[in-house]
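**Q** Chain by chain, the residues:
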Amino acid sequence: MTYNAATILPLIFAGLMGFSILVYVILDGFDLGVGILFAGTDDAERDTMVAAIGPFWDANETWLVLAIGLLLVAFPAAHGVVLSTLYIPVVIMLISLILRGVAFDFRAKVDLHVKPRWNFAFYAGSITASMAQGYMLGVYILGLDQSWTGVLFGLLVGLCLTASYAAIGAAWIIHKTEGALQHKAVLLMRRSLVFVALGMIAISLVTPLASPRIFAKWFSLPEIILLAPLPLVTASLFAALWYVLDHLPAANDRHSALPFVMMAGIFALGFAGLAYSFYPYVVPDRLTIFEAASAPESLGIILVGVIVVLPVIIGYSIFAYRVFGGKASELRYD
Amino acid sequence: MDPFILSRIQFAANISFHILFPTITIALGWVLLYFKLRYIRSSDDAWMKAYHFWVKVFALSFAFGVVSGVTMSFQFGTNWPGYMETVGNIAGPLLAYEILTAFFLEAAFLGIMLFGFRRVSNRVHTLATFLVAFGTTVSAFWIIALNSWMQTPAGFEMRGGKAYATDWVAIIFNPSMPYRLVHMLLASALTASFLIAGVSALRWLLGDRTDAMWKTLRTGVYLAAILIPIQIFAGDQHGLNTLEHQPQKIAAMEANWETGSNVPLVLFALPDEATRENRFEIAVPDGASLILRHSAQGVVPGLNQFEGNHPPVLPLFFAFRVMVGTGVLMLLVSWMAAWMLWRRGTIARPLAMLMVPMALSGWVATLAGWYTTEIGRQPWLVSGVLRTVDALGPVSAGVIASSLVAYLVVYAVLLLAYIGVIIRLAVKAAKEGDKQPEPGVEDQPLGQPVRGA
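Protein chains in written order, with the numbering used here: chain A, 1 to 334; chain B, 1 to 453.
Calculated from the structure, these hints are not laboratory results. Glycine included, C-beta positions come from ideal geometry on N, C-alpha and C. No false leads were mixed into what you were given.
To list a few chain B residues with every Cβ distance to chain A over 10 Å, as calculated: (1) I9; (2) Y34; (3) S42; (4) L185; (5) L227; (6) A274; (7) N304; (8) A348; (9) E432.
Which stretches of chain A does chain B cover? Using the computed rule of at least three CB atoms under 8 Å from a CB of chain B, they are: (10) 75 to 83; (11) 93 to 106; (12) 109 to 123; (13) 290 to 299.
Whole structure, please, built from the sequences with the hints as guidance.
**A** Quick look at the structure:
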């Protein structure tokens with residue numbers, strides 16, 4: 001491969017897009033997860049849980065706009081192919097995101113007797129949006145396979161992603177709350193983790209079996225040795241997380257942020273595995289990032305903006321998270 | 001029905017629903033900054049009450065804007081893949097800058113603006129309010145730049161069926177962009193001021209006579225009264241700009257079938273494209289020539305110059321008249337209310353009752369205006385570069401029809417809920433008093449100046 005603007009820029013943008021998607025699944029993952037966990041909680045607990053995500057979710061969801069925006073602007077050909085193939089799940093996801101986004105605000109502003117309706121909309125919207133995202137990931141892994149195999153695999157990945165969001169949502173609640181709710185969150189996180197682990201194993205087995213190209217990328221020498229740390233570190237992180245959860249909540253609330261960090265690590269590792277499997281395709285087995293990329297001049301213009309702005313975004317996002325550090329209490333507008 | 005029409009209706013439904021909320025938040029952000037600055041200057045707690053009341057409306061509208069905006073970024077791919085494939089090199093960077101510079105600025109600082117009053121210093125909270133307002137405005141700048149480029153493309157060349165940028169300044173500041181930007185920002189300010197005035201009038205009708213109510217009522221009414229004549233002037237200038245660059249749009253708006261001098265201003269008619277004539281026409285002689293060319297002999301372009309290449313006449317003709325009619329009504333109501341507030345210090349009951357439904361007049365005028373300019377671009381998606389029909393994706397009509405119905409149902413329910421919640425907030429504030437937290441009654445240390453301090 002020669003290195004010039006036409007090969008390096010698509011690589012950079014693929015990296016940026018991957019980064020945005022990863023940040024999105026971790027950040028919006030935890031607030032979607034909180035919605036999913038509405039299933040096993042009472043109204044007072046729900047208010048605290050919502051307070052724990054209140055100041056963050058707008059910015060979290062913006063990472064999805066950035067990720068899809070980057071796909072749109074850097075790989076326009078792929079954007080068209082992927083999104084028109086995944087038309088139905090995309091519409092389901094969008095409507096779910098709309099419902100949960102506004103339900104979140106409505107539930108705090110409407111009369112008490114209609115509050116349960118918006119609670120349900122928040123819960124149902126969160127769970128459907130997660131399922132739709134996982135379903136799309138599954139179909140995408142199998143090269144946009146729309147047959148029954150693709151659908152079933154999509155549903156499996158959907159369940160796994162929903163469980164992962166529930167787990168990271170629980171991890172966030174562990175970090176942001178105290179007392180009975182914190183205890184409950186530990187329990188909920190352990191339950192979700194079982195499904196996350198099963199799902200990840202299933203995906204790791206099915207993916208190479210379904211795609212000879214991915215099989216070749218993993219199971220050949222020396223790749224298999226170089227890549228061995230990826231599943232091994234993931235497995236040990238799971239074990240360590242299980243152990244940590246056994247000892248939480250600890251005295252003085254020590255290590256309450258640890259499950260979240262570890263869960264984010266698991267997301268990152270799983271994501272790295274997927275990214276390795278797909279490279280260099282942006283539409284599996286059909287369109288590479290180089291074929292789908294915009295003109296280098298246009299990518300260059302965007303890159304200038306990204307280099308200046310992205311560190312600033314990360315900076316003030318960290319600032320915003322620090323401002324709202326500490327335990328969540330009541331959601332209030334002051 | 002065919003997938004082309006369905007996709008167009010769906011795009012129109014999504015973008016119409018979306019634009020309602022940025023139209024409020026762009027200007028409401030600045031109004032909130034104004035409330036905050038007045039509070040800092042005066043330490044009068046009524047300004048902070050006004051802030052806390054309207055920040056709730058802002059939060060709700062912003063949430064609607066974010067979630068409906070997510071939909072927008074997916075739509076290009078799901079229904080119109082030809083768009084990015086043809087002009088992605090231009091539209092891409094503009095959209096990317098919108099997301100990077102503005103969307104994040106708003107979304108990140110919104111948290112601090114909404115929930116951070118007690119957590120950050122007064123200065124940082126004011127700064128966050130400013131950055132959110134600034135972010136929404138910058139967002140509008142980029143989106144208007146892109147939309148205007150689609151209306152009046154400049155600064156690019158076509159190679160192998162794709163657009164390539166040659167001059168970014170010409171692309172961003174394309175011929176219609178400054179006019180459209182000013183027109184839209186004023187539209188946003190008017191939408192927000194009528195909303196504020198209308199909701200305050202509702203509180204007044206319910207017997208609310210608190211300082212916070214008076215302050216928001218005066219802010220809304222005076223702002224509207226000052227801006228509406230400016231908007232009428234800006235709209236006229238925008239129209240002249242359109243006449244220069246997109247004459248077929250003006251011809252359709254005026255339902256003028258033949259190019260010529262002494263063209264009348266059609267007040268009402270039923271334009272009929274099959275026979276190419278207006279039925280039931282009521283017109284002012286020479287009116288259109290006078291308005292567009294400032295002379296009765298002025299030659300105004302007619303639709304005969306653009307046969308087969310002009311937008312549909314009927315929707316344009318009526319959308320434009322709905323916008324202008326609403327604008328005139330806004331002028332009358334806001335001036336009457338401003339006069340009463342100024343001379344008598346209060347408003348009359350019938351006027352207040354008129355102001356309540358007028359709270360949504362900005363929405364009506366803005367949507368009608370956007371329909372005029374967007375339908376007026378047809379049959380082109382990007383004028384002279386890409387026809388709308390050529391950008392259509394492969395999704396079947398049945399699937400699009402189902403998604404369209406789903407969107408419409410959700411939007412209808414949410415819109416009712418949105419209006420319902422705003423009314424409820426107003427009723428609650430009027431009946432139970434503004435139950436906003438009094439600064440300084442919390443046990444946490446305050447970063448804010450408190451009343452009397």
